[in-house]
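Chain A is fixed; fit chains B and C onto it per the hints.
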Amino acid sequence: MPFETNHSLLNVILQWALILCVISVIGTFVGGVSSLMGGGKRGLSEFFGVISRALSDLILVSPQRIFALATLTTRESVRRKALWIGAVFLVLFMFAGWFIGDSDDTTPAKAYISFVITTIRWMLLPLAVLLSCWGLPADIKDRSLHTVVTKPVRRSEVVLGRIAGYSFVITAILLAVSVVGYAWILRVVPERSQRQLISRVPRFGGMKMLDQNGDAFAGVNVGDMYDLRRFIAGGTKELAMWQFQGLKESDFPNDQSLRLEYAFEAFRSYKGDISTQIEFSIDLVNPETNQRVRLGVQPVNEFSSEIAHDLKENQTENLILIPRSISYLDGETTKTADLFKDLVANGNLNVEIKCLDAAQYLGVSPGDLFVRMPDRSFAVGYWKTIFTTWLMLVLIITIGTTASCILKGPVATLTTFGLLILGVFLKNGLIMRLGKYYSDGGEVVGGGSVEALYRLVSGLNESTPLDESITKTVIETLDSGVYAMLYLAQYVIPDISVFDASIYLANGFDVPLATCVLPSLLITLGFFIPAYIIGYFGLQIRELEAK
Amino acid sequence: MVLGVSISMSAESVVEIRNLTKIYRDFWGRAKVKAVNSLSLEVKKGEIFGLLGPNGSGKTTTLKMLLGLLFPTEGEIKILGKQAHDVSKNERIGYLPEESYLYRFLNADETLDFYGRLFNMSAAVRKERKDKLIEMVGLNYARRRQLKEYSKGMTRRIGLAQALINDPELVILDEPTSGMDPLGTREVKDLILKLRDQGKTVVMCSHLLQDVQDVCDRIAILYGGELKVLGDVKDLLQSKGETQLITSKLDPAAQAEVEAVLKKHGASLHSSSSPVVNLEELFLRTIEESKARPGRRYAPGETPKV
Amino acid sequence: MNNLTSGQRKLVYGLGILALMVVVILLGKPSEGTPGTGGVVSDLREKYSLGEATLGQVDPASSTMNLVLLGFRGIAASILWSEAEHHRVTKNWSKLQQTAESIILLQPHFKKVWEYQAWNLGFNVSAECDAVEDRYFWVKQGAKYLQRGTKRNTQFPELFFECGRFFGQKIGSADEKEQYRKFFVADPDTSRWQGKGDGDVNPENKDNYLVAQDWYIKANAVVEGTDIEQHKMDLPLFMSYPYHSLMDYASAREEDGHFDDNAKIAWANALREWTTVYGRKVFAAAGNGVMFTLEGSQEDLEKLSKEDGQPLADKLHWQNRYHGTTNYLYWKLRCDIEQRQEMIDARRSFYEGKKAFKEEGDLEQAGKLLETGTQLLQKVIDTAGREENGNSILLYNDEGITEEAIKSLLILERVRDGLPKDNFPLKELWVDPNFAAKRAELRDKFIRWAGEN
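One line per chain: the protein sequences are A, B and C, in this order.
When you line the first sequence up against my numbering, it's residues 58 to 604, in that order.
When you line the second sequence up against my numbering, it's residues 108 to 413, in that order.
When you line the third sequence up against my numbering, it's residues 4 to 456, in that order.
Next comes chain A alone, as it looks inside the complex (with noise of 0.2 Å):
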């Protein structure tokens, strides 16, 4: 599985307190500067009294006011039937089969758990948008809320409560439905396929590919569209080989084996023998001593483990079992090496893949091969799933809960209905092309949108270079201005993406805790503290009454 590896987590909080700083610098400058505009020496003093107002009031807030507060949209949620989606949800469940299509107990549990995950995840975002963007403005239209606030609330209040009442109404409905989807998914992924029913513990190492002469390289790509895994030469002194790091002894308790799992694949330049496999070597070396241990010889299986490995005799899995004393053949002689005395070295072992078969090739990439710590259970993958799944729903919560603050009912929910399909299908895509359009130095083939447009009036085709003049100019400052903003804005966009924890557990894995469990967690509080302070101020500055 390609899975990311590395996070610098420090640098991320830093980075957004920066962002935050800077903001709120700005934003009091500017606010500052204004209101001596407009109101002069008063206007400044009126401006300050207003900010320190606002940090009280965002501080001093009332736990049992939000409490009431919270219970109340509860109530709301509750009367306005919100819980039915409950039911809904438990209707589809009875009907899954139809959207799973033709199972026999071949269905890989992939399906139902993407399935469930899928659902849960599509079925409450709405209503969480829904939720959470109108009750505010209707609460503001029937003036409801003119009631609430000639009483000693606080606006930041309001906000915190309507931010809790929501969260416990999508907690609670989330709760329910994920235990139906538990009790779902153990009662109908077929028996053989219940072992997929797991959560492994990857522990993944640095890959480097070295070439005939022992060079690092990049592999070689036999024609692929799909650039994923790189390949090696079989027959040849090419390999791969993986750095882990951080291998305690006391990981594998009770001489438990060190479990390698791979997943290669396997390329012919010619047929061969069709009856058997691409074979490949394992070797260990120890990265201080180079002791090397070679413990023999596997075949690829390639894409095996998408369907029931059963079919195998002996082989149920992908897996290199390294028991704690390995005995290996040095020349003629049968030698022994312990596994963390002999190879491990600080924690560091270096794991070494050669393809075996002349003129064949091996594909690899480094979430390839990894050492499979002990497993958890299912159980564990799957509430952490839908821990991240409710930290999505609370961002969405929080977003939408600020937008109504500021906006109406409707436009409301188009702002955060916005924001998240840019989370979920654009974030991705446009960070990419900003970082290739700056690390280009500015220079983009046909330009960006207003040099494009230039060109389609025009009809200039996009390689031709624009003529050296004003206009050109003109054109490219515009365009770097819309960059710069599109820069900002991907800061603005929360990355849905992350809080989909379900490409783990479908596959098997345990939802890791650096990059994805922590990050999501980090994203929603991450807009929590920034959406909190804005939607207290679009209460606060905003006249109620004014329709």
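Check the hints yourself; a few may be wrong.
[Stated by the list, open to error] Covered stretches of chain A, as calculated for chain B (at least 3 residues, CB under 8 Å): (1) 129-135; (2) 196-209; (3) 420-433.
[As the list claims (entries may be wrong)] Selected chain A positions facing chain B (in silico; Cβ < 10 Å): (4) G106; (5) V107; (6) F124; (7) A125; (8) L126; (9) E214; (10) Q597; (11) I598; (12) L601.
FYI, nobody ran anything at the bench for these hints, they're computed from the structure.
Note that the structure is a prediction, hence the values are computed from the model and not measured.
Glycine residues also receive a C-beta, built at the ideal position from the N, C-alpha and C atoms.
Just chains B and C now, kept in the frame of chain A:
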């Protein structure tokens, strides 16, 4: 009867408005309506103050500015010694909005409990106040019904109850009797008077002059956002140049004698007719009369016996 | 507005509903299977084959999906198609399969979907796997997909035909045919099928060619006696597939090394079906509708001519033309020849000779056996007859026999260090320039197969 009650005016002012102006602007920031124009007035502690005026005269806008729901374009507001935007002032204020803007999915109990919580009241206090207020506004029979099933009058009553949940010093009532039947109106008016007797200050606005006349100590009349009249009701309604005589039915001879007497003292008889009571009093007395003597019917030509 | 009381109004509504219901029932009552039992609409639907039920099994999920999507079915289907392509490119096979399932929910009666996606699974995905078992798994997935297509669409002869192709050609003549044919009767998933073939594709545990024959017969049944057309090939060719399957079966058995009496029986069977069933089918010539049978003497055609009034000359002409198209006479001859003991013995000699050469390394024995084989085959070729220019009918019509003969000669050349200078059996194959390309190709293959020494 109302007018006969004398009040002791305290000098301490609960609401102070100086030079208050509110301009509604359109989307582009252009002035659209001047809803309140240089309004200055003061409400003293312990009085019932009425804001009068036709629809759109700026009564409600003024109240909302007092409460911090709207921001004044110019001028100053001091309410209970605090700024209008100061949330903590609300601890001591009770507000009944124009049309009880309450949560229609709550019942009376839940409504009062909810607003009680907003004052950080303990559960015991909430229960006590809740019971007392529901009893007071006469909604005991409907306390478990959702507000969406309430009639307008009932909603008004529960609105009034929520305004009093915190036992406020200052009660602001926007059209307190609108939508109520005469009986209810009377009850509300009695309640307002009772509040004053408890030492509370009441600010109310209404376009029902009769209500205002009945309960208010002082009134201000707004028209087009400007203050037109301000003063004691007693003084304002007393027509100093006139005396109204009400006697038992006189025969024409006796009437002529009376006129002669008047002429002797240099006064003239402007009109002579049976005095007219206001409609409300008539309605109330009719009901009271009907209750006292059931079965009595209206007959053509009969004038109601007052 | 009106003066009716509430009760009267309800009565009027009730009567209205009743009246409408009567009309709806009259028009829309579903049929009980026999024509005329349904309502007007249902009868019309049946008459013009418009109902879903007349196309095949109705899937409630599919109908629901189409209903839920309102008018957006086309868009949704397009998105799914591109998703499926994405999954194929990124090698996410189980997702590809799922997406293919979703597509058929939206387009259950779109023939191309079934054909295309079955091909995708059975050919493209299958080829990506390295283990033969895994390849076979995906071939089966493709076949199962197509099978369901035939259930949902009973009026597409092509889908039945493609099923036959999967079980016949895909399993029987792929590179992995040796393993596939074995797997077909003894699935590698032994724990599930207990040593038998996959019950979903081969419930009776028959040879793959016999299962293919069943599907071809079903395809024929859809076309025969109805006005449903197939759009694959000329009808007489299309209809010949079940009978070719029997020949394939007989020859595949021999390739597997079974030369018992059943070999003869299998070929006899093929001949009988070819001449008495296929040969007796009445076809209409393309374009002019002249009716004829492929088997049948002039008298037979004369009889037919009397029945339908078409001139005998036309019938003879078209019978002749279609003999060419379908190679009818050759296959008849072939079935006949293959039954002969000499031919069976020749084949056995080739089979065993090859085995002795490759597996046992007994070059002496191999040479002896292959020599016997070539002599026997030469005899058969001579008795089978020659065309006017002297070309052997057998060799010029059947690549299979030609290939086997050349391969045997190649081995013979190796074990004997060259073939005799003067005359030797099957020499015509060795010298005829028409076979030069074939010889070169097979020599290449042979070198790789046997290894240069």
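Status of the hints after comparison with the structure:
no. : hint    : result
1   : 129-135 : holds (count 3)
2   : 196-209 : holds (count 11)
3   : 420-433 : violated (count 0)
4   : G106    : holds (8 Å)
5   : V107    : holds (9 Å)
6   : F124    : holds (7 Å)
7   : A125    : holds (3 Å)
8   : L126    : holds (8 Å)
9   : E214    : holds (9 Å)
10  : Q597    : holds (9 Å)
11  : I598    : holds (9 Å)
12  : L601    : holds (5 Å)
In this structure, only the earlier hint numbered 3 is contradicted, and the remaining ones agree with it.
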